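Engineer: Protein chains in written order, with the UniProt record's numbering: chain H, 1 to 304; chain G, 1 to 314; chain R, 1 to 305.
Just so you know, these hints were derived from the structure itself, not from any lab. Treat the hints with care, as some may be off.
[As the list claims (entries may be wrong)] Heads up, simulated DSS-like pairs for lysine-lysine below, C-alpha to C-alpha not over 25 Å straight-line:
(1) H:K9 - H:K294
(2) G:K245 - R:K118
(3) H:K118 - G:K122
The structure presented is a predicted model; accordingly, all values stated were derived computationally and were not measured.
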Amino acid sequence: MLVFAISDKGGTGRSVTSSNIVYRRALQGQDVCYLDFDFGSPTVGAIFRVSTASRGTTRGGMHRYLQGEITEPSRIDVWTESDRDTIRAKPAGAGQMVLLPGDQGGGEFATFDAEMLKRCVRLFAKLHEQFDLIMVDLSAGRSFAAHLALAATAQLPKIPARWLVFHRWTRQHIIAANGLVKGEHGLLDVGREYGHDPGALTDRIRFVRTAVLELGSGDFAHLRPAQRSWLNEIDRELRELATRNGVGLTTMLGKVPLDPVLQWREQLISDEDVAGTEIANAETVFAFDDLAKKIVDDTAWEGL
Amino acid sequence: MTSFSEVTAERQIKSGPLSHVSVELGHLYMEDFQAGPDRLRQQFAMVAPWLETVRRSWQNRTPGGRARISTCFLIDDYFSRFSTPDELVPMILDAAAENDLVIDYLARESACAEADGVKLAKLVEDRLVPDPPPGTHSWRPPPHETGWLANGTRSPVAGAGQAMKPQIRWEPPTQNAKRGHSIFVDVELWNDDNRGRTWSCPFLAAVWQLLRLGLLRNEGRLPVQPVQVDGGFPRDWDELPPVVKLNKSATPFSAYTTMSVLSTRFLQVELAVRTILSQVSVDEEVLKQVLSRSTDEDLRLEEELVDRISYVFL
Amino acid sequence: MLIMGEVRTGLLQNSAEIEERDHQTVLGLLAGERVRMSRRPIVYAVSPDLLTGVDCRLPSASNARIRGVGTLVSRATITGGRILQGSSYVRVVRGEVNHRLPWSHYLARPGVVEVLGKVSAPDLAGGFLAFGPPGEQLDLGSVSDRFMDVVQESALLDLRAPFRSDRTRLRWVAETGEPGVHFILGESTGRTLRLTHHGEFSPAVVDLCEDLALHDWLLTALLTIVQRARIGGASRPEVSARLAPAVDTLLHLWMPGARIHPSLAPLWENLERTPGFSRQWQSLVERVRDQLAVNTLALLRETNG
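One chain only, chain H, in its complex shape (with noise of 0.2 Å):
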């Protein structure tokens, strides 16, 4: 299967977000793989503490791929290449985690090209056959990289394709979200451009709500009573706006809390991190664990 995780905005946590619900699938048992295709600024190799490719690899990544310089573009195996110790053990049962980072150096396409999109099509049949879930991470915004996986996806009509959009719990974010999707040059208008039923593509997608504070939480205790209650008449806007632009909850396949370690470091949460060094909250976990698995559940994906 391959999920596509986009973003109207940066700073959205997508990159962190989906590189956890990717580490958490292979630690589900199930065969694994992220691409890179931020084109402007590929680091996800820092996300996944794999120092050789923190800015992007020198071995020949994504961008020289696409660019049709090599004929495949080098894979970096997370299990034995991260810098962190409990990242590299890997449990019993838990499946391949590779990554397919970008080049170091490596720009923002200025446009694409039918080889290109020729390259990129092989690309996403080949990783089908070895991995059961393909995370492409889209630059934020309208980008030649989401033309490129609209395009590339309406050539495979066989293989199941997902997006998640990823979003804020804030006013702008949500009718940004919405844009990204519903707005001119949006996700459905290019998809039709490329031949997506609108429909079909429309049931392909589901949002997830990144950074979240939950009002009912413990953290709130210490509030003032007139916060609370200003807090609680902007979440109810909120929702409302949500509702409105079609990110309410019958389209939201998640959230994801607000934990301060996301904040400062962009990292995968290991259950050590919870348990062991208590750094990261549960409940974030509990929160990536419930993305890995919805996001192959059919059930959470029937038509709207």
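Fit chains G and R to the known structure of chain H by using the hints.
Structural biologist: Below, chains G and R alone, put in the same frame as chain H:
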């Protein structure tokens, strides 16, 4: 070799009869036809002495002077259709006869695209093995994906460049087998539009050369068999066999070598044809058959395909 | 002087074995050529030979700059309607001249790469079998891979393979000499094979390498399935469910040496002694069957008790 004991596992390649040389007396396009029968007569008058020269030279090369020479003539019915066979063919034959020329075989250009249900052009396209520019270490997009075939490396184009990367600067194209300087040739093999695929004139001409050299096979069989027609030509081009045998006593249509007597306006087309033919991989088995036959006849054939093809440009 | 090749092996991307009549469509990579098939002892189909032109550096253990020009021969095969292989090889010979000739010269010698300049066979073989990083050097594997991709793109396949699997890559070199064979299993998906045989090179050698690659892939795939099943770690029904694809898809495909020319059979027998492919396969198969039997019994006891 895998020992296949079953019928479908074996490969059988038929062989066909061959003349020494197949001489093409001309191509007929719409504009020639529009110029009237006089133009055709003039053309045949110019061709006649060259055919005689070819005949003499092959008689000198063959034991007892028994050279097998067949002549042929190609009519375009692919790019534009004009007149009808029952009108046009007698006119061509008359013009030839006035110059003491005998046309043994008449072929339709569309036969080079598809004949008797066999897609000959596709057959040849699949056998293109592009001349690799230095540095080719692996697979490259084959011509059937791009529709173009070159004899070297194209100038780089500014395509899907990356942001904040230096712009691509112009560089000259280069010919792979250049001698000091390049003569770069890039041939369009076909183009597609809503009516489907149109093969280019040079590509069909390359198929035409391979047919005349008897080097094509479809599932091991000879794809186009000349059909004898004794007078009475149809009114519709589609009813005319792809290759018509006009002369009962003609030697075989296909030959070890070909000679084409053409107007100089075909010079560019034929350069393109040679560019294509030098990148076609002909079945080894077929090449061996032709070679062993020619050896039996004490004939030394050029090893490379393009060297078996010659021209007179008028 | 030296033949080198690379076989890539993987699972055909279809939920079921493909039908006999579909092989022509799936493997018909060249118009006007039939796919050759044999049905005993297992359905086996092979595409027509395909040529690819190259002009590049050849591998070298000493990092010498050796340029070769010519064509590779490739083909794709399907065994048992299930396993797909892409295979390419090339015969490296010393060219008569030190400069590149017109392309038609090389086209007249299909499957031959001529070296412009000096070359030593051991240096070439050493460089090739070292699996260096992909670069400017001759890359037989990606050509093999490419033809597998073309097959997998066939509209006839539903892309719903019973399990995920990685393609393995086997690089081989063959020379004339006292018969011998040396197989090395690499860390990841890479394997190497050096073999020497009596007489001139023939495509039977390629058949042998492909057959070996096929069985090595089967063993690798079955091992992965068994490891992932977490026997003893996961619940019995889970283990059984994870082992099921192996039984459905793989177990009946084991037929080492079935298509090997008798003159090369002793080489297969060598490989059966060390590393002992069939021994390992048998013990894995028994483990899978025992597990399924035990799990079924346990399940029966639960439902009855």
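Engineer: All hints, please: hold or fail.
Structural biologist: Hints and how they fare:
A distance of roughly 24 Å separates the Cα atoms of K9 (chain H) and K294 (chain H); the hinted pair therefore holds under the 25 Å criterion. Taking the CA atoms of K245 (chain G) and K118 (chain R), the gap is about 54 Å. The hint is violated against a cut of 25 Å. The straight-line distance between the Cα atoms of K118 (chain H) and K122 (chain G) is roughly 21 Å, inside the 25 Å bound, and the hint therefore holds.
Of the numbered hints given earlier, the model fails hint 2 alone.
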